[in-house]
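Construct all of the structure, not just a fragment, from the sequences and the given hints.
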Amino acid sequence: MAADTGPPPGGTARRGDPGPGEEIGAGGRPLVFFGGKGGVGKTTLAAATALALADRGLRTLVISTDPAHSLGDALETRLGDAPRRVAENLWAAEPDADAAVRRRVKQVTDDAYAALPREIMPAVQRHLDHAAAGPGMAESALNDLLVDTMERVPGEWDRLVVDSAPTGHLLKMLHMPALLTPWLQGLARQREKAVDADRFAAGMVGGSAEPEPDPLLEKLRARRQRLERAARRLREDAAVHLVLLPRRMVLAETDRAAEELAEAGFHLGPVVLNQVPESPDAAVVEAVRSRFGDRGIRCCRLRDEEPTGAERLRRIAPEPL
Amino acid sequence: MTGRWEQLRSAWRRIEEFHEEWFASRWRHVLRREARTQQDTLRAMVLLQTLGVEDPAAYETLDLIPYMVADLHEWHQRMGRETFGDEGVCC
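Chains A and B supply the protein sequences, listed in that same order. The opening residue of the first sequence carries number 0 in numbering that gives the first Met the number 0; numbering runs sequentially from there. The opening residue of the second sequence carries number 0 in numbering that gives the first Met the number 0; numbering runs sequentially from there.
Worth flagging that the hints you see were computed from the coordinates, not collected in a lab. Please note that the accuracy of each hint is not assured.
One-sided and incomplete, this derived list gives chain A residues near chain B with beta-carbon spacing under 8 angstroms [stated by the list, open to error]:
# : residue
1 : A113
2 : P116
3 : E118
4 : L170
Note that beta-carbon positions come from the ideal geometry of N, C-alpha and C, so glycine has one too.
Structure (structure tokens):
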């Protein structure tokens with residue numbers, strides 16, 4: 000698709016926003032997310048963007064947070080749980096959600112062994128295994144891994160590119176810290192009050208119980224702080240790029256996703272209009288322009304061959320609409 | 000003289016016992032009960048999860064589980080039962 004349609008309307012430039020012709024992720028925001036409906040090409044664009052950033056000399060890590068990974072297929076290489084160097088300045092990983100859940104359960108079990116009576120450990124183990132098999136655990140574990148990784152960028156890496164799951168999953172993932180914060184605050188407050196009242200009873204009228212440090216409360220506080228930090232970073236340091244195809248149904252869903260993401264407080268970078276055919280539906284292109292023009296639009300034309308592997312990925316150069 | 004001191008002392012002890020019985024222990028009791036009520040609430044929040052109420056925070060609150068089991072264990076022992084619940088609930 001030729002870039003002969005004039006400069007995109009500007010007007011909402013902020014720190015880290017790519018200029019009209021600038022590459023996605025090259026600005027100041029170190030966390031770059033790709034979102035959108037399933038099958039629109041998020042993984043391919045994440046891989047291509049990461050490669051382009053690495054080629055510019057930015058140390059870049061690209062990870063997939065979709066439990067059904069396909070990032071390795073896009074890069075035509077085998078990826079694992081730990082980041083692996085796949086090109087100059089480029090690292091990639093497909094985090095293993097089940098392994099992350101197992102690690103977390105092991106950590107909780109080890110902490111319990113150190114703090115609680117031995118005779119209850121078999122029961123503890125059973126309850127933990129039961130909880131670990133519950134719904135949403137793998138997804139939460141991936142979210143947890145993402146939080147860990149975010150804390151290493153900038154630092155170990157200059158840019159983190161995240162190949163996200165479909166829109167619903169992305170929204171949920173981005174909402175999670177906010178969703179959890181009041182929960183943990185509630186739990187912490189309950190626990191604080193209970194401990195306070197106990198201490199008060201013991202202290203005021205000379206009871207026997209000595210105030211003890213509360214390891215559980217400390218742990219809950221630490222997790223809450225960690226999630227708050229992550230939520231702050233997602234709002235301040237991340238740009239979400241929604242990927243869409245020039246089709247009415249995809250546009251409608253992207254529109255909803257954009258609204259919800261913006262409402263949640265996330266910064267939306269330019270959208271990527273992917274797989275644009277030689278003669279696209281002009282009405283849809285016009286609708287995309289009027290809806291997303293102020294954020295910037297990048298176009299990728301439809302190709303005959305599937306763009307996998309570094310060579311072909313480098314040829315994807317999103318152009319301003 | 001000594002007998003008088005003795006009387007005074009035992010009177011004070013009685014007053015102290017009275018105070019302990021009628022005031023301090025009641026306060027302690029009420030406060031402890033308040034502490035237990037709040038812990039019960041917390042327990043309920045966590046155990047709801049085991050009853051199948053989906054909890055978006057389940058992953059983050061995994062740390063609570065060992066403490067809940069320990070709490071349950073302490074409680075059933077306090078109640079004078081060596082074992083508690085069906086197979087696998089506690090011990």
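Taking each numbered hint in turn, which are not upheld by the structure, reported in ascending numerical order? 1, 4
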